[in-house]
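Quick note, the sequences are listed as chains A and B, same order. With our numbering, the residue at position 134 of the first sequence is 876, and numbering never jumps. With our numbering, the residue at position 274 of the second sequence is 1016, and numbering never jumps.
By construction, these hints were calculated from the structure, which means they are not laboratory data. Just to be clear, a hint being listed does not mean it is correct.
Treat identical chains as interchangeable: a pair holds within one or across any two.
Claimed, not checked - Listed below are the simulated EDC-like cross-link pairs for lysine to aspartate or glutamate, each with C-alpha atoms no more than 16 Å apart in a straight line:
hint	residue 1	residue 2
1	Lys1067	Asp1097
2	Lys822	Asp1113
3	Lys941	Asp817
4	Lys744	Asp831
5	Lys1118	Glu1087
6	Lys941	Glu1068
7	Lys941	Glu1087
8	Lys941	Asp1093
9	Lys1118	Asp783
10	Lys822	Asp1063
11	Lys822	Asp849
12	Lys1118	Asp1027
Protein chains: 2
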Amino acid sequence: MKALVLGGDGFCGWPTSLHLAAEGYAVTIADNLSRRAIADDLGAPSLTPIRSIEDRVTAARNVGDVQFSHLDVTDPVALKALLGTLEPDVIVHFAEQRSAPYSMLGDAQRRYTVANNVNGTNTLFSALVELGQRPHVVHLGTMGVYGYSDDLGELQEGYLDVRVAQTGRDVTIGYPANPGSIYHLTKCLDHTLMQFYAKNWQFQITDLHQGIVWGTDSEITSSDEALINRFDYDGEYGTVLNRLVSQAAVGHPLTVYGTGGQSRAFIHISDTARCVHLATGAPPDPGAQVQVFNQVAEVRNVGALARMIAERTGAEVSYLDNPRKEAAANQLRVSNAGLRSLGFEPRTLEDSLMDEISATVGRYKDRLNRDVIFSKARW
Amino acid sequence: MKALVLGGDGFCGWPTSLHLAAEGYAVTIADNLSRRAIADDLGAPSLTPIRSIEDRVTAARNVGDVQFSHLDVTDPVALKALLGTLEPDVIVHFAEQRSAPYSMLGDAQRRYTVANNVNGTNTLFSALVELGQRPHVVHLGTMGVYGYSDDLGELQEGYLDVRVAQTGRDVTIGYPANPGSIYHLTKCLDHTLMQFYAKNWQFQITDLHQGIVWGTDSEITSSDEALINRFDYDGEYGTVLNRLVSQAAVGHPLTVYGTGGQSRAFIHISDTARCVHLATGAPPDPGAQVQVFNQVAEVRNVGALARMIAERTGAEVSYLDNPRKEAAANQLRVSNAGLRSLGFEPRTLEDSLMDEISATVGRYKDRLNRDVIFSKARW
């Protein structure tokens, strides 16, 4: 089985590519290395000393069959050439700008995020239509497409049962899009776009509405220095739990936005890789609606997380004016029945896993740039 | 009051620009003349001998205050320069690739339609955020965003009242997106994008979900040869009623897709101009959800329309295999209460208006290229 991983050099893409290779897929990573370039621009390269993609791929040959193609997914000529040669059985699509704060920095970032993410997804599907290829496409979405309204109950997987007031008919609809940033918006747009491709051209598509990823390494990336995963701690790309643990490790107050009353869904990076692998093996029927899995392990309250880390480490919690426009507090409930039915057993937040992050940060803390801890984005 | 009309050289944009000028707006048309370029590429230039934009604008000075800026809306530098100088009070956004069949021709057209329409809309709003400008933005949408399911009852204006099965709560949601082509998809994406800009940056936005436009001229465009509106009869850009009347005028069988059982919403071109003018004067509150008006005059059955024209003209009706994926038949009901409440009195399908089209086609029929009557697009 041939897997093409678009964006396979990134934080989630890299451990997932290795996991798929270890599970026996012939993996081709396609990436334009934009995550590295943006990190350099922001003065916030990976805290961990990640290797060049060439060195990574050389080391990955000990894990399985891994190839690399330097490619921008928004470039239709290059993408069609690769697809034509490779004829992948499954495509995993991580090749999107994935930071909400980055997408809210300014005009250039708003335009880049929309152009890269939406045009990239459209270029991919349009190329597949032209080539007559129908691989299963697994797209990384986000829990942020649902918004955080308490009106909707426990969030089901992509579809909502409602009764239409005017006609009294019971219908199942896609959840109303309710994004909280330009980044989240692009995942809503991708989803609508993929629904049309599935309907009109009988694609098999899975959209993984993923929670906030935490942790740094998987078993495979920690097995060899040359395979080490990237780790972001900055205000733009550091995800909340990783940011808090990093701050504690360098004696910085833990920065919580607003009251910390936000409930959010979380998943460990090694579970990301496992869930994507499970999803690749379970395509929906051709022409069915997009299959949605909520790729989450558990729900946690952000303020409680910060207080827990403060207790463990002696760090202070600093409550900042929330730079985002979001509800001060919410109660999130999420179903992850789909992936569980495929065998997903979530790794939940344990001390040992947090110790792993602390150890990583401790080891590389001389590389940490304190100037980038605060997000510069304002909603 | 200063109005910026993006796409003001097109079929709907041109008569609307003139109407706004006649109503006292200082009008700046911004257009990259892409409609003319695509028509040339397809071998289907306007049947009517439209003048150069320079000659049009010179003649338009007899109507009111009209300026022209040659500009691509996806070019952020040029767009911000224009907005910075002009500081418009209202922006009417027609600057999108507007043909469903064209958007379905192939890979290049799918990518162009998404990139032009979605990036253009995002470039516009992102520029306005950067400049701190909050003009009322009136966007041309389409009735095609709703799809044609009979489950939803009479289509209300943008929002649907439902009861959530799981929680029993009554909520009002945006209509589920159900586009029938890549073109219609882009209007769904635009709508979601505008909802986010309205919510996050307190824009005042009106989305006009327009029916199929028919007719050729408004009172103003027919008052001066130099102001004549474009007229498209080809399979890609000719709208259904205009195509049928053109076919009859040159002795071609009337081409109906499938059974002709499709019900669709229609509006006359002069009503488009009037409705947009009404909408410009009725912005929603800043930060409110996007205001939606269904910009339609009446609903007609496509097959019945063809038979009516056949009866008037003696033409034959030719039922073709439907190149589109759509329901063979549907019952459409649409509310247009919003624009009616602002004073809209629809012009419905009358013989005199169809005679006007026939006369236009008759006058210029030597310019008609029979090779482009059939659509080349297949869904």
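Any hints this thing doesn't respect? Which numbers, in order?
Failing hints, ascending: 1, 2, 3, 5, 7, 8, 10 and 12.
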